[in-house]
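Residue numbers (full-length UniProt numbering), protein chains in the order written: chain P, 1 to 394; chain L, 1 to 394.
Think of the hints as simulated: they come from the structure by calculation, not from any bench. Misleading hints may appear alongside valid ones.
Each pair may be met inside one copy or between any two copies, as identical chains are not told apart.
Here are the computed lysine-lysine pairs in the DSBU-like style, where the Cα-Cα straight-line distance is at most 35 Å [what the hints assert, rightly or not]: (1) 105 - 344; (2) 393 - 126; (3) 344 - 220; (4) 163 - 388; (5) 126 - 344; (6) 120 - 268; (7) 163 - 220; (8) 377 - 120; (9) 344 - 393; (10) 388 - 220; (11) 377 - 223; (12) 223 - 388; (13) 388 - 126; (14) 268 - 377; (15) 388 - 268; (16) 105 - 388; (17) 377 - 163; (18) 163 - 120; (19) 220 - 377; (20) 105 - 163; (21) 220 - 268.
Please read these numbers as outputs of a predicted model, since none were measured by experiment.
There are 2 protein chains.
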Amino acid sequence: MTSSSFFPPQRTLMGPGPSDVPARVLAALSRPTIGHLDPLFVSLMDDIKSLLQYAFQSDNALTLPVSAPGSAGMEACFVNLLSPGDTVIVCSNGVFGGRMIENVKRCGANAVVVEDEWGKPVSVDKVAAAFERHPEANLLAFVHAETSTGVYSDVAALCALAKQHNALSIVDTVTSLGGMELRVDAWGADALYSGTQKCLSCVPGISPVTFSPAAVERIKQRKHPVQSWFLDMQLVMGYWGGESKRAYHHTAPVNALYALHESLLMLKEEGLEAAWARHQLNHQALVAGLEAMGLEMAVDAAHRLPQLNSVRIPEGVDDAAVRSALLNEFDLEIGAGLGALAGKTWRIGLMGHSSSARHVLICLAALESVLHDQGAKIRTGLAQAAAKAIYAKG
Amino acid sequence: MTSSSFFPPQRTLMGPGPSDVPARVLAALSRPTIGHLDPLFVSLMDDIKSLLQYAFQSDNALTLPVSAPGSAGMEACFVNLLSPGDTVIVCSNGVFGGRMIENVKRCGANAVVVEDEWGKPVSVDKVAAAFERHPEANLLAFVHAETSTGVYSDVAALCALAKQHNALSIVDTVTSLGGMELRVDAWGADALYSGTQKCLSCVPGISPVTFSPAAVERIKQRKHPVQSWFLDMQLVMGYWGGESKRAYHHTAPVNALYALHESLLMLKEEGLEAAWARHQLNHQALVAGLEAMGLEMAVDAAHRLPQLNSVRIPEGVDDAAVRSALLNEFDLEIGAGLGALAGKTWRIGLMGHSSSARHVLICLAALESVLHDQGAKIRTGLAQAAAKAIYAKG
Numbered sequence: 001m002t003s004s005s006f007f008p009p010q011r012t013l014m015g016p017g018p019s020d021v022p023a024r025v026l027a028a029l030s031r032p033t034i035g036h037l038d039p040l041f042v043s044l045m046d047d048i049k050s051l052l053q054y055a056f057q058s059d060n061a062l063t064l065p066v067s068a069p070g071s072a073g074m075e076a077c078f079v080n081l082l083s084p085g086d087t088v089i090v091c092s093n094g095v096f097g098g099r100m101i102e103n104v105k106r107c108g109a110n111a112v113v114v115e116d117e118w119g120k121p122v123s124v125d126k127v128a129a130a131f132e133r134h135p136e137a138n139l140l141a142f143v144h145a146e147t148s149t150g151v152y153s154d155v156a157a158l159c160a161l162a163k164q165h166n167a168l169s170i171v172d173t174v175t176s177l178g179g180m181e182l183r184v185d186a187w188g189a190d191a192l193y194s195g196t197q198k199c200l201s202c203v204p205g206i207s208p209v210t211f212s213p214a215a216v217e218r219i220k221q222r223k224h225p226v227q228s229w230f231l232d233m234q235l236v237m238g239y240w241g242g243e244s245k246r247a248y249h250h251t252a253p254v255n256a257l258y259a260l261h262e263s264l265l266m267l268k269e270e271g272l273e274a275a276w277a278r279h280q281l282n283h284q285a286l287v288a289g290l291e292a293m294g295l296e297m298a299v300d301a302a303h304r305l306p307q308l309n310s311v312r313i314p315e316g317v318d319d320a321a322v323r324s325a326l327l328n329e330f331d332l333e334i335g336a337g338l339g340a341l342a343g344k345t346w347r348i349g350l351m352g353h354s355s356s357a358r359h360v361l362i363c364l365a366a367l368e369s370v371l372h373d374q375g376a377k378i379r380t381g382l383a384q385a386a387a388k389a390i391y392a393k394g
Numbered sequence: 001m002t003s004s005s006f007f008p009p010q011r012t013l014m015g016p017g018p019s020d021v022p023a024r025v026l027a028a029l030s031r032p033t034i035g036h037l038d039p040l041f042v043s044l045m046d047d048i049k050s051l052l053q054y055a056f057q058s059d060n061a062l063t064l065p066v067s068a069p070g071s072a073g074m075e076a077c078f079v080n081l082l083s084p085g086d087t088v089i090v091c092s093n094g095v096f097g098g099r100m101i102e103n104v105k106r107c108g109a110n111a112v113v114v115e116d117e118w119g120k121p122v123s124v125d126k127v128a129a130a131f132e133r134h135p136e137a138n139l140l141a142f143v144h145a146e147t148s149t150g151v152y153s154d155v156a157a158l159c160a161l162a163k164q165h166n167a168l169s170i171v172d173t174v175t176s177l178g179g180m181e182l183r184v185d186a187w188g189a190d191a192l193y194s195g196t197q198k199c200l201s202c203v204p205g206i207s208p209v210t211f212s213p214a215a216v217e218r219i220k221q222r223k224h225p226v227q228s229w230f231l232d233m234q235l236v237m238g239y240w241g242g243e244s245k246r247a248y249h250h251t252a253p254v255n256a257l258y259a260l261h262e263s264l265l266m267l268k269e270e271g272l273e274a275a276w277a278r279h280q281l282n283h284q285a286l287v288a289g290l291e292a293m294g295l296e297m298a299v300d301a302a303h304r305l306p307q308l309n310s311v312r313i314p315e316g317v318d319d320a321a322v323r324s325a326l327l328n329e330f331d332l333e334i335g336a337g338l339g340a341l342a343g344k345t346w347r348i349g350l351m352g353h354s355s356s357a358r359h360v361l362i363c364l365a366a367l368e369s370v371l372h373d374q375g376a377k378i379r380t381g382l383a384q385a386a387a388k389a390i391y392a393k394g
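Generate the whole structure from the sequences, applying the supplied hints.
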């Protein structure tokens, strides 16, 4: 045990999250702690709620940050909307769909699994067929932006299908919120959870969630108590307002919420559409550069996430050695493949503050240098120009 | 909505938590975020684990910070150790014992409740009688330091009783860890959870937990899956090590863990026994000052928490008006009474960094000034000298 203060290096974070946290957000994080029942903190909570409604493009009254990471936000959606014996259609096309199945089982509900290949979007047709076979299903759960593969699915179409079958929808937007088009109310989604450490570029540890009036109604009507006390939205609602007087539930993570507030404010200042466009532009520049180098994207252009780029690891290249060299020589973190894609892909994040021309150009330069050192067959000297050509077009 | 950056005032935090966070911890909090799978972060995790073992006075291998507040730490203990149908003896002498009962019910287990008056410790005799009546009970749950009342109970005696009846123990140490004697291994406690925002003087949001080998064995032997995926210790163990290779579970709250590490380091530098003694000394000085002013403590001297001082609100004094004036005039937060004690007591915290002579003297001065303004019948001009006399004795 070292038993001395920890001074982290200044990394450039281009993995699947956390993304680079702007100095402005870190400064907010370290402001003096005040009490979680302080009147000034209570008004900050209201402000955070409004900013989250903007980020989610929703008027949902029940919109708040769960005081725990995205996987707790996922669990909050399932334990509040499911009762034992319910049937849920769960779409699995990557790690996080698989985690949803686990959540359904632990609620004592039945999961009807719609499988799609890793790297492909959720098939709307297969989901429609599942609803035909299981008219008793009262919930559809799927991932908007699969962080494990770099693929997005069609939220609007899937939520419409759920509505048509009188089912509610749970949508994982951990990696999508703030980085690509997401319109909760217009698309008719019912319960969504996200994370702070991806396209919001806040520190990890908090999970924004939002529940539609129909979802709230189901929570209010439930007969079986929510199995989690900590995540029981009936209780959390009392703490986060909506009711007239705040009831103490738990101690909010005060400083993390300073940081979340600041990151949401930055998103609002930029404008949501502008942020989506920025993520798209930097994605195109990165892809142009990678392809100029001779690397191949792992996902079809039609379903690629702009904020998380899955790249095939070239034949004969040592995955771990490349990532270590990037980290040690360039202080640059990119992500390994997850689950079935381990050793087959890298995941390059362009999320939030890490979605910038600077990040794209540094990543291309570092990757070219390291791959060249490792003897990989790549084309050198072309990537920067290819990326810059995209920026020139704008 | 204000939509501008939030700049909190510099409060003096003497409520039931959060306590004042030292500048050194806030500085650690805002260091650059690195990836949660970064090798440097993984070694920080090991260091945090060792420091937590020191704070808990335990060699338990399964010792780690849950990535969520104390109420999630509580839930982690219950959902991992209980299976449906189990019988649990739960001691209730305040708000947090009541919350334990809720946790037991939501696990589908049976709670045998041992009630003690709010403001009194848990009766060891009543617990012994409950074990006699319920030999099937396989768990005893109680609160070491009841934050709602300011009372402590006898952990060593209660854990010995549990052992004698082949039951495991769950002990709430949210408010005790770092602020008063707690010896997990010597006292034979099995599962304990705490919070970061009390006597550790770290920011709120994280819950240190520790599980004895016997508790780990029960977790390994369980047949019914843990109802929470996020809090399933079998999975969390894989992430926090103990096994050879770390398995991804969730994204750790990186920056909050920088802060926790720093606060644990400060505790180690001071020394645990020295920290306990400091809490005791400041408590005595505060009590001397309050009594010199003519105020009465709400808890018998034999069971008073040094870190959370329950004081009776004098007849005719407006509780909320006093707390508002303290906050508005002195930027000083003290706690209101909770539950059955609302309006009857104040809770003055001397926790962690907020346990200092400076805090004691400021609090006495501010309280005297505000109570005088409110026309309360108090003796003025005596409190400071009474407190200083305690410090002079040392």
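Hints and how they fare:
In the homo-oligomer, the alpha carbons of residue 105 and residue 344 lie at most 35 Å apart inside one protomer (30 Å), although the nearest pairing across protomers, at 46 Å, exceeds that limit. With identical chains, the CA atoms of residue 393 and residue 126 are never at most 35 Å apart, being 39 Å at best within one copy and 78 Å at best between copies. In this assembly of identical chains, residue 344 and residue 220 lie within 35 Å of each other by CA distance solely across copies; the values are 33 Å between and 46 Å within a copy. For the homomeric pair residue 163 and residue 388, neither the shortest alpha-carbon distance inside one copy (44 Å) nor that between copies (69 Å) is at most 35 Å.
Proximity of residue 126 and residue 344 under a CA criterion of 35 Å is satisfied intra-copy only: 27 Å inside one chain copy versus 61 Å between copies. Taking CA atoms no more than 35 Å apart as the test, residue 120 paired with residue 268 passes inside one copy only; the shortest distance there is 32 Å, against 51 Å between copies. Proximity of residue 163 and residue 220 under a CA criterion of 35 Å is satisfied intra-copy only: 19 Å inside one chain copy versus 42 Å between copies. Within a single copy, residue 377 and residue 120 get their C-alpha atoms as close as 27 Å, which meets the 35 Å cut-off; across copies the closest is 75 Å, which misses it.
Only within a single protomer do residue 344 and residue 393 lie at most 35 Å apart by alpha-carbon distance; the minimum there is 32 Å, versus 69 Å between protomers. In the homo-oligomer, the alpha carbons of residue 388 and residue 220 never lie at most 35 Å apart, since the shortest distance is 54 Å inside one protomer and 55 Å across protomers. In this assembly of identical chains, residue 377 and residue 223 lie within 35 Å of each other by CA distance neither inside one copy nor across copies; the values are 62 Å within and 52 Å between. In this assembly of identical chains, residue 223 and residue 388 lie within 35 Å of each other by CA distance neither inside one copy nor across copies; the values are 58 Å within and 58 Å between.
For the homomeric pair residue 388 and residue 126, neither the shortest alpha-carbon distance inside one copy (41 Å) nor that between copies (76 Å) is at most 35 Å. In this homomeric assembly, residue 268 and residue 377 never come within 35 Å of each other (Cα to Cα): the closest approach is 43 Å inside a single copy and 52 Å across copies. For the homomeric pair residue 388 and residue 268, the shortest alpha-carbon distance inside one copy (27 Å) is at most 35 Å, but the shortest distance between copies (52 Å) is not. In this assembly of identical chains, the alpha carbons of residue 105 and residue 388 never lie at most 35 Å apart, being 49 Å within a copy and 61 Å across copies at closest.
In this assembly of identical chains, the alpha carbons of residue 377 and residue 163 never lie at most 35 Å apart, being 50 Å within a copy and 65 Å across copies at closest. In this assembly of identical chains, the alpha carbons of residue 163 and residue 120 lie at most 35 Å apart only when taken from the same copy (24 Å versus 54 Å across copies). Taking the shortest alpha-carbon separations for residue 220 and residue 377, neither the intra-copy value of 60 Å nor the inter-copy value of 48 Å comes in at or below 35 Å. For the homomeric pair residue 105 and residue 163, the shortest alpha-carbon distances inside one copy (23 Å) and between copies (34 Å) are both at most 35 Å.
Within a single copy, residue 220 and residue 268 get their C-alpha atoms as close as 32 Å, which meets the 35 Å cut-off; across copies the closest is 47 Å, which misses it.
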